[in-house]
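K.L.:
Use these hints to put chains B and C onto chain A, whose structure you have.
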Amino acid sequence: MTWQLFQLLVTAAGLTVFISAVSIMIALVLGTIVSVVTLSPKPAFALAGRTYISFFRGVPLLVQLLLIYNLLPVMGIDLPGIVAAIIGLSLCTAAFQAENLRGAFASLPRGLVEAAEMAGFSAAQILRRVRVPIAFRLALPALANEAIFTLRASSLVSVVGVVELTRTAQDLASSTFLPLQLFAAAGLLYLLLSWTIAALGHVMERRMRWGRV
Amino acid sequence: MSFDIGLIWSRMPDILGGFGLTLVIWLVGCLAGIALGFLVAVLRRNVAGLNIPLAAWMEVTRGTPFLIQLFLLYFGGPFIGLSLEPITAGLLGFTLYGAAYFSEIFRAGFAAVPRGHIEAGECLGLSQGQIMRRIIVPEMAVLVLPALVNMIVLLLKETAVLSIITVPELTMMISAIGSENFVFVESLFLLALFYWAMVEIAGWLGRQAEVKLASFRPAT
Amino acid sequence: MTAAVIVKALRKSFGATEVLRGIDLEVAAGDVTCIIGPSGSGKSTLLRCIAFLDQATDGYVFVQGEPLGFAPDASGARARLPDARVRDVRAKIGMVFQQFNLWPHRTALGNVTEALTTVRGIAPAEARERGLAQLRKVGLAAHADHFPAQLSGGQQQRVAIARALALEPQIMLFDEPTSSLDPELTGEVLNVMRALASEGMTMIVVSHEIGFAASVANRIVFLDGGKLLLNGTPKEVFGQPRHPRLEQFLETYLDRGAAILA
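As they're listed, the protein sequences go chains A, B and C. Each residue of the first sequence is one higher than the last, beginning at 1 in our numbering. Each residue of the second sequence is one higher than the last, beginning at 1 in our numbering. Each residue of the third sequence is one higher than the last, beginning at 1 in our numbering.
Treat the hints with caution; some may be incorrect.
What the hints assert, rightly or not - Here are some of the chain B residues that sit facing chain A, going by a computed Cβ distance under 8 Å:
#1 A55
#2 A56
#3 M58
#4 V60
#5 P65
#6 F71
#7 F75
#8 K157
#9 A160
#10 E180
#11 F182
#12 F184
#13 V185
#14 F189
#15 A192
#16 I201
Because the hints were derived from the structure by calculation, they are not lab data. Remember, predicted model here, so these are calculated numbers, not experimental data. Glycine residues also receive a C-beta, built at the ideal position from the N, C-alpha and C atoms.
The following block holds chain A by itself, in its conformation from the complex (with noise of 0.2 Å):
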């Protein structure tokens, strides 16, 4: 394999970082909204949640893709595959965060809320400044752990036509012949972002040191 293939492998490497950084954060956002949404004294709301989560985690990632990418057509939303992409990826691990984020939120030491009670917060200024900070460091582990997964997972929106890694060694494989070659490459670039998720997950728990609740 020349160093010409895997500057192309690399190239679109940053294309599979882009559509996994977005989701990820995406993902966060939406995976708070839910597990708060899931653990709302409403019975409606908290049915709503625990649908999301259930339902997006029990779904094949490859066929959510499928689904949305042919969904969107069909509805008359004319959008290039790219962004099918984001938008499966954000949904399915957004569903695996709220997961995560649920039961941080389930483990918080009640005091912690009734010492903010007590001082006066409105539970809007009690989930935003003390049980959203505080869930999210009991979390940060299995948080970043999931990033990693989102990480993996974006190589199966080549299926939906975006030219990311996986795609594109697939397509030098099959124009080189060097299929051993191109995929053992690609995977060492997915095993260097892995480590490099995990490494910066680290460095958060580093620096979120008031550590243990």
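P.N.:
The following block gives chains B and C in isolation, referenced to the frame of chain A:
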């Protein structure tokens, strides 16, 4: 949106065939993956020279996409004299992939067995093999059960990826029927609901098994 | 003059168990009231109901004449007050918890200033000044930038007291403030409370520290089985002849405290 019941009915053999293959690959792959994962965990624990190479292998498997691993095996295999049918390549890839996760679960389980229980066995004069068989493995098995069940359920969904290397499992069969008959979106909806139901049922069965086995949970 | 806190016919049940069986209590401004009693007598629940952290099943709590949580409506029925109203009345109360409940993601100073900026809308610089003044008062100005996890239990509880005081409450509630501390750390917390009492703060303290109760409080309330059995000055309550239930409580739970009183 309309879905023709007659169409489903007329293609029932194909649908059932795909469903059957999904189930077979999932169950056989999980069983083989658990066995292999357990072996890896035991070897990493007990054979010093194997720890690092096995750890590296696990790290690579867990750090790269399943799809890349399948491509490497299916498209790269023939170049090193390993030409496999899609189903064989799929089952092998699926097993190896699962084994990496299972081995990590077992490793955590081994680490969670209290040191004192092993020492108690040593004091009673049990051999290392006896301690492994009679103390560590039974305790560990109960400790890892929830994680194991969770992983098995997650892997059910991963079988859908095998359709990309043309393994004729459920996703491949239903989307093929859908595109032949111009009901692609409808068939994908049906497929999504199907998987959703299967995952919920598998999760429910897993929880039943956990409850049943929880009575054996060792005191901590 | 209105009493600082009035508790009227307060009842609280958890499921089928009635923990408070009709409590009436008046706390005058400037009083230091210690609530004592065996475990399960309902003393913490009483304090939490006063703060409206637990909702009483029946009865009322008035803080400086204003109802907290529930009030009789026009027809005399018991009605829940809106959250905003609850917050207004609660602003008169500061609470210190057994488990400190400091927010782990905020430094000692951050814990003290958080509500000043978020709830009271005070500018950060001013809040910082006030926060440091409160920390100085509890002897922890040097620890302003420490996170709770970096402080001892006694220090954490002193920060928690500073956090409550920063909001300038009229009444301070203490729920077993020393019960989760190592014995050698209780002194520093009790000293801060003693100083607060000498400044004339109205305090209601649930505590196992009988020595503290006897020396600092001017009212002792003895709860037993969800009922208010005794309510008087330390001399009246602890002096001879003692109520047999109190005698039994002092012997069973606190031979240490009883020795101090002898």
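K.L.:
Using 8 Å as the Cβ threshold, decide whether A56 of chain B counts as touching chain A.
P.N.:
At about 10 Å, which exceeds the 8 Å cut-off, the nearest Cβ of chain A leaves the hint on A56 of chain B violated.
K.L.:
Please check whether A192 of chain B passes as an interface residue: C-beta within 8 Å of a C-beta belonging to chain A.
P.N.:
5 Å, holds
K.L.:
Go through the hint on A160 of chain B and say holds or violated, using the shortest Cβ distance to chain A against 8 Å.
P.N.:
4 Å, holds
K.L.:
Return the status of the interface hint for E180 of chain B: holds when the least beta-carbon distance to chain A is below 8 Å, violated otherwise.
P.N.:
With a minimum Cβ separation of about 15 Å from chain A (threshold 8 Å), the hint on E180 of chain B is violated.
K.L.:
A closest beta-carbon separation below 8 Å is what the hint needs, so does K157 of chain B meet it against chain A?
P.N.:
Status holds, d = 4 Å.
K.L.:
Can A55 of chain B be said to touch chain A, with a Cβ gap under 8 Å?
P.N.:
14 Å, violated
K.L.:
Can we keep the P65 of chain B interface hint, with Cβ of chain A closer than 8 Å?
P.N.:
With a closest approach of 4 Å, the P65 of chain B hint holds.
K.L.:
Report holds or violated for the interface hint on F189 of chain B, using the least CB-CB distance to chain A and a cut-off of 8 Å.
P.N.:
Holds - the Cβ of F189 of chain B comes within 8 Å of chain A, reaching about 7 Å at its closest.
K.L.:
Taking the least C-beta to C-beta distance, is F75 of chain B closer than 8 Å to chain A?
P.N.:
4 Å, holds
K.L.:
Closer than 8 Å between Cβ atoms is the bar; does F184 of chain B clear it against chain A? Give me holds or violated.
P.N.:
This interface hint holds because 6 Å falls under the 8 Å limit.
K.L.:
When the nearest CB of chain A is found for V60 of chain B, is that gap smaller than 8 Å?
P.N.:
Where the cut-off is 8 Å and the nearest Cβ of chain A is about 6 Å from V60 of chain B, the hint holds.
K.L.:
Go through the hint on F71 of chain B and say holds or violated, using the shortest Cβ distance to chain A against 8 Å.
P.N.:
5 Å, holds
Of the numbered hints stated above, those contradicted by the structure are hints 1, 2, 3, 10, 11 and 16, listed in ascending order.
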